[in-house]
Every structure is written in C-alpha cells, then in structure tokens.
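**Student:** Protein chains in written order, with this note's numbering: chain S, 1 to 255; chain X, 1 to 294; chain D, 1 to 318.
It should be emphasised that the hints constitute simulated quantities derived from the structure, not laboratory data. Check before you lean on any hint, since a few could be wrong.
Estimated spans, in silico, between C-beta atoms of each pair [said to hold, decoys possible]:
hint	chain 1	residue 1	chain 2	residue 2	range
1	S	G112	D	P83	14 to 24 Å
2	X	I10	D	Q158	56 to 66 Å
3	D	Q299	S	E243	35 to 45 Å
4	X	Q179	D	L79	32 to 42 Å
5	D	D198	S	Q142	43 to 53 Å
Some but not every residue of chain D turned toward chain S, in silico, with C-beta under 8 Å [to be verified]:
hint	residue
6	R131
7	S179
8	R180
9	A192
10	Q299
A virtual CB, placed ideally from N, CA and C, is assigned to each residue, including glycine.
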Amino acid sequence: MVTPVLRVEGLTRSFGGFRAVSSLTFHVDPREIVGLVGPNGAGKTTTFNLITGFLRPTAGRVWFQGREVTGCPPHRLARLGLVRTFQQTRVFSRLTVEENIRLALHRHEPGGLRRTLWGPAPGEAAALERRVDEILEFAGLQEARRRRAEELPYGEQRILGVAMALAVDPVLLLLDEPLAGMNATEAEAAIQLVRAIRDRGVTVLIIDHHMETLMRHCDRLVVLHHGEKLAEGPPEAIRRHPEVVRVYLGEEAAV
Amino acid sequence: MRRAVDVVTILQFGVNGLFVATGYALVALGLTLIFGVLHVADFAQGALYMLGAYVSFYATQAGGVGYFAAVALAMATGAVLAALNGGVVYLPLQRHGGSLTFVAALGVLLILQNAALWWFGGDFRLVPSPFGDGKFSAGGVVLTHHQAFVLGATGCLVLLLWAGLRYTKPGKALRAMAQQPEAARLVGIDIQRVGLLAFAVAGGLAGGAGALMAPVRAFDPHIGAVVILKSFAIVIFGGMGSVPGAIVGAAVVALAETFTAAYLAAEFADLVAFGLMIVALFARPQGLLGRLPT
Amino acid sequence: MPGAWVGLALLGALVAPVLLRSPSHQNLLVLTAINVILVASLDMLIGLSGLVSLGHAAFWGIGAYTSALLVMRAGVPFLVALPAAGLAAAAAGLVIGYPSLRLRGHYFVLVTFIFGIIVTLLLTSWVELTRGPMGLPGIPFATLPWVGGTEVVLNTFQDKVRYYYLVLVVALLTLWVRSRIMGSRMGRALVAVREDEDLGQTLGVDTHRYKMGVFVLSTAQAGLAGSLYAHYSTFLAPETFDYVASFDLFVMNLVGGAGTPLGPVVGPVLLTAVRDALRSTHPVLGAVLFGVFLILSIQFLPRGVVGVWDHLRGRRRW
C-alpha cells in the first residue's frame, strides 16, 4: 500500500463554542484529484486553513508524505511541497505577471549574502528566466507577461494564482474554489489546467461549488456537512449516496 | 523623597489617581470608539483636549461665558473639529489602509499643537473653578468640590455614552460596525456616516475632558500630546475597541503612575504607563479586555 | 531611474562642499548626508517592505548615545565606537522586532512608536548616564588612524569638509546596500511582505525571517548615523531623537518617494535645509509645514516627488 500524500485524522477546530470542523478523517493518494465539497459553511476553507498552517487545529493531526506536519507554519509547508491557493483571487496585483512568477520561484532561487550584494552566479539568472518562461507557457500567460496582474481579466488572474502555486513545485496542490465566478468557458479552461497539472505528477485537493464539474473530473470526493464528513468515495457512489442526496436535494435541483 | 505609608496617605493618592483617570478615560473612550469602527488611532484627539481647555479659558476669561456653558462649548468645538478632521483627512485615507493613517493622525496632532503655540503662546494657563476652593474632607482624605464635580460629570458622560451605544439607532450601528463589520456592511450601514459619528462623539468627549480638567491641571499647547500618549497607552492596555477596557485601563494606568510618582520618583511615572503598554502589547496583544481580530 | 541621474547626483554630492564654502552651508551638507543614511535605511522598511516604523529616530539616538558614551566614559576609539553604535541599535531592533513583527496589522507601527517614546523618556530620566534634559556636551571629535601611527582628528568646528566625505562614504554604502537588496531574492521576498504577506508565505517565503533581517539591518544603519551625528555636533540632547524626529524622517521619506531608487536622496536634500532653517527661525511653522507635507504627500503623491517626476516624464513603475 502506498503512503498517502496527505492524511488527516480527527481534525477538529472550534471557534468559541462553534465547531467549524469536527473529527474529520480522510486521505489523498499520490496523483489523485480529490474534491472537497459541501454547502457553504460546511468547513471546507477552514479545513484548508488547518492543513496549510494558517489555523491551528483544536484537535487532530495532519501527515504529509508520511511525516507529521500538524501546526507547521505555511512557509515551511510550502517548502515541503504542500501549496495552496486562496478563495479570493490572490496575486501580487501591482506587480507584472512575470514578476509574480519570479517571486513565486523564491524557493528555487539560491540566496545568501554574496548573491544579495554581488548578484547571482553566472547561469543562475538565465536558469530562473527559463523556468518563468516554462511556467508562463504551461499556463498560457505568455501574452500577458508584462502586464500588471490587476489589469488581467478575472479568469486569467485566477490562472496566474494557480501558476504561481505551481512555480513553487508542489507535491500536493490545494485549490480553494479555483472556478468560482468563472463563466463556463473559463471554468473549462481552468479545469483542463488542473488536469494538466495532475499529469505532471502533482496531487490535487480541490474545493469548489461547481458540483457537476468536480463529479466529472475528480477521482474521489469527500463531502462535508456542518464540519463533519458526510460521505467519501468515487463520484458515482457519491451521486447515489442517500445522505448526500438528502442534504443536496434542494441545491442539486438548483445547480 | 520618601512618602509616609499610612492608610490616609494611600487613600488620598488613590483619590488623586482616580481623578487623574477621569481625564484620561474620556479621551481613551473616544480613541477606542474610533478605533473600533475605523481602525485608526486618532492622535489628533489629544489636540482636541488641548483646544477644549483653551476654549474654556478664553470663553470664561475673555468672552464672559460661565464655566458650565464653556464646557458645553468646548465639547461642541471638539465634536465639530473631530468630524471635520475625520471627513477631510482620515476617511479619504482609508483606501490606503493600514498604518499610514497612524502617521497622518500624528501629523494632524503636530499641526494643531503648533498652530496653538502660534496663536495662544506657550504660557501655562489655569481656568478658575466655579467652585472656588471648596473641598470635602473625610478622615483626612480630601476631595475638592471641583474634583467631585469632574468625577460626577465624567460618570454622567460615560453613562450617557453607554446608553447611547445601547439604545439609540446610531449607537447600535456604531457597535455593529465595531463588532461585526461584515454583517454591518451587509445590512447597509453607511461606514462613512457611522465613522463621522464616532469622530464627533470622541471629539466631544476629548474637548469636554480638556475643559473639565482645565481648572485643576495647568495646560499649555503641549498638553495634547501628553494626554493622547497616555490615553493611547490606556487603550492598548485595556484593549483597542473595548469600552470597558478604556475605563479599567484608565484607572490602572492613572493609579500606577500616581503611586510611582509618590513612592518611587516622578521621572518614572511616565515610564510606568508606557512600560505597561509594551508589556500589554507583547503579553496580550488584544489588550486586557479586547478580542483578537479573527 | 537611469544611471545618468545617479551619476549626476553622485557628482553633485562630491563637488558640493567645494561649491558651498560657508560653514553654515557645509553644516547643512553634513546633516543632509546623515539624513540620507537615516531615510535610506527607513525606506527599506517603509518603501520596500511596507513596514511603517514610527520609531526610527530612537535607533538613531541609541547609536548616538552609545558612541558618545563609549568614547567619553570608556575611552574607546571612534573607529570601534562607530560599529558598536550600529550593533547597539541593531540589538534594540532585534529585541523590539522579534515579537512585534510576528503580529500582523498595526502592531509594528504601535510598538515602534511606543519604543521611540520610551527611549526618549529613558534618555531624559537616566540622568546619571545621559545628563538627561541638560544634554551631553563635550563629545570628542572623531579620530581616524593615519599612516605612520599618527591620528587625524576630524575637528568639525574648523573643518566640516573632511567629515562630510566620511559621512558621504557611509551614506553611499547605505544606498548601495539598499539598491542591491531591492534587486535581490531578499528584496523580492520583502516586496511579497509589502504586497500580501499570506500569499508570500504560501509561496514558501519565510516572511518573519526577512522582516527581522531588514529591520535589524535598518536599525543598525540608523545607529551608524547616530555615531556620525554625535561626533559631528559634539552635543546630544534627548529631544533630538524624539517621536517628532521620527515623524520628520517619515515625512522626508514620503515626500522624496517611498520605495523609489532616488527618493531617499531627494527627500533629505529638499527638506533638511528647510527643517533646519525653520527650526532656528520659526520652529512652529516648521512643524506645521511638515505635518501638511505629510498629509498632502500621502493623499496626492503616493510615490513622492520622484513619482511626480516619473509621471511627468511619462514613466510608471510599481
């Protein structure tokens, strides 16, 4: 049996008396695309914040590639290869697309006092430039590379956010509603990008409201409701799961 | 300078300390109110305290206005100037967000303080109290009539503020903004108007505090900076945005510095207030009675 | 900013004492150069990293008193006291920065502001050490070792030009370090801190470490400026380093153009003379003007005078 990329056990977080996430247990295997779904307020983003070190769990543990990382700060997790995106579009809006990617390559750029004062060693700058080019091409953002991020259309800003996460070279990518606010074409392009990322060997955990899209593209789904796991399994099983059908009956009809 | 350590002396210092606390408390309340709504530390409130003192001085000495009317006039002046300052300087700065507004507020304080030096000169002033030298005495502990009046007036103002925040519609909007800004925005509370209201109320309290303290504490244009820094220490110590925190904080800081000045050395009195503030910032960043932003 | 402008500014700085021969003008040159060190170091916090410090003058003061007292009381040579001043200020920066840079929001500006007030209070009330409000007179001139074991005494009452060049060397070093950092990996990490710290962390940037680094470096440079000031004026008083001084440095930074390559030069060059002239003739007007400058530049010139210049020339950068 392979070691799961991510394993979460008994994860719990309360705010005051309110349990936003309650005894949540699930795992993500290598090269899977797993969807974390549930109605608003089900605790999806809180779960992300707990996994990525933005919040401390009240109880429970998190393992990443077999190594316990509970309570690890976000930048350390990013270095280990656990990288997230944010629900709202988060890019450095006043910087150009290129500068955004360049910044995201922080982890791959050698540092040190000598380089700060005298500049990078020969070849290092060119190597980084190549990486920038490669990522821009992969994300389809070459045209926009010299534009300020805030000038991009909404959909492209989101893609830039994903491209930046990709630049960190993640093992596991956590995408928080990457499709929110996109029209059908933009959403399709974005989900194709996610699949391409997976095909590069990256494991993906994704939150979204586009139930249908996730059903089509995820290998497995974890359904949250009131902070607890309601169901887990491949899309077909989830679709027929009695509890899920009961909870989603109203919403499903609306989608 | 060793002081006697007997009950009467200690009680007397306690009374004096509480009295000092009232002046700070009114300014600190205004600060905490503005901070709660707009997240601005409005240092200019200190200048309004100073201007309130000068208004009461010139109104009673040159204008022939009675002291109590002068206090009301000082409150009105403070309220108008604070609202003006809020509307012209801070609200347009909100889009820059963050820490720059702190620096801008400091700028406004320095401008007003120096403008006052220009117009009023640097002499120390004192306003004659309408109560003369009358004092209460109980077992050797002395409270002047004016001190009693200030304590009473402060109590009334705090009560009024509390009732206003609790029972009036604008007051409720103010509390909503401070406690649940997102929700307040959703139900359509106008941040600008509520913000201006907070400024006006705070300015009124600061101006009033200046006039109330003017017969007891000699002042010059620099008093504004002294008072605001103390009040600021109090607000941080008590918890930014917390109304009870401002009152408790004022009492703690004023008592601490009164006793330090009495039993250690006067020079250390100021250090105590700011020391408490630093300790509070590091040990409990949300303050004594404040809550951490979520 | 193209290299031609930098070259021109450098040339101007080098020939300035030759063109300005009166002692009062040369005095302004030295003070301007000291302010360039202070504003350039402050700008690494404000302009580059978005960390608003309202206590920069306090670190300057720590450096000044450390250097003066080491030379006066311990007989330490100037060339040892100068780095010691930088180290003392940096140590204070470390102690203040470590906890306050961990917290988000307004804590950093609050802590630096309060720290500034506490330093002024300490300098005023620790009379045995600093002579308090009476000020510390008779600080020895800087001495530099020279060939053949002789020493050069930089008597700034008789000759300000040599001292000006000493300060200029430190100022140029400060500017050079700043510009190197701005183009480096550390500079990009600090831009991430300024623009969106959470996002920076998810990209693997250890933001606290970089904030600490830049703060300690910046306070160390302020400490060096303090030493240079102490042995120039030979007299120190607590109010030189109070929160109003921090505020004035802030204004110079903003008016010059925070985060712009030449802003930390333009601000002090424009405002040091103004501040000095007004301080002796009309201090009240001076304070009012600085306040007005600040509010106007926050409102209307987010990138200061340098920004206006760029705008007029049709250039724009982040």
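**Student:** The structure should be examined with respect to each hint, and the outcome stated for every one.
**Tutor:** For each hint, the structure was consulted:
Between G112/S and P83/D the Cβ separation comes to about 22 Å, which falls inside the hinted range of 14 to 24 Å. Against the hinted window of 56 to 66 Å, the Cβ-Cβ separation of I10/X and Q158/D comes to about 60 Å, which satisfies the hint. Under the hint 35 to 45 Å, the C-beta atoms of Q299/D and E243/S, about 57 Å apart, miss the expected range. A C-beta distance of roughly 58 Å is found between Q179/X and L79/D, which places it outside the suggested range of 32 to 42 Å.
For the hinted restraint 43 to 53 Å between D198/D and Q142/S, the CB-CB distance of approximately 28 Å leaves it violated. The beta carbon of R131/D comes no nearer than 40 Å to any beta carbon in chain S, farther than 8 Å, and the hint placing it at the interface is violated. Taken as an interface hint, S179/D does not check out: its beta carbon lies about 10 Å from the nearest beta carbon of chain S, beyond 8 Å. Restraint check, R180/D versus chain S: the minimum CB separation of about 5 Å is within 8 Å; hint holds.
Hint on A192/D holds. Least Cβ distance to chain S is approximately 6 Å, under the 8 Å limit. Restraint check, Q299/D versus chain S: the minimum CB separation of about 19 Å is more than 8 Å; hint violated.
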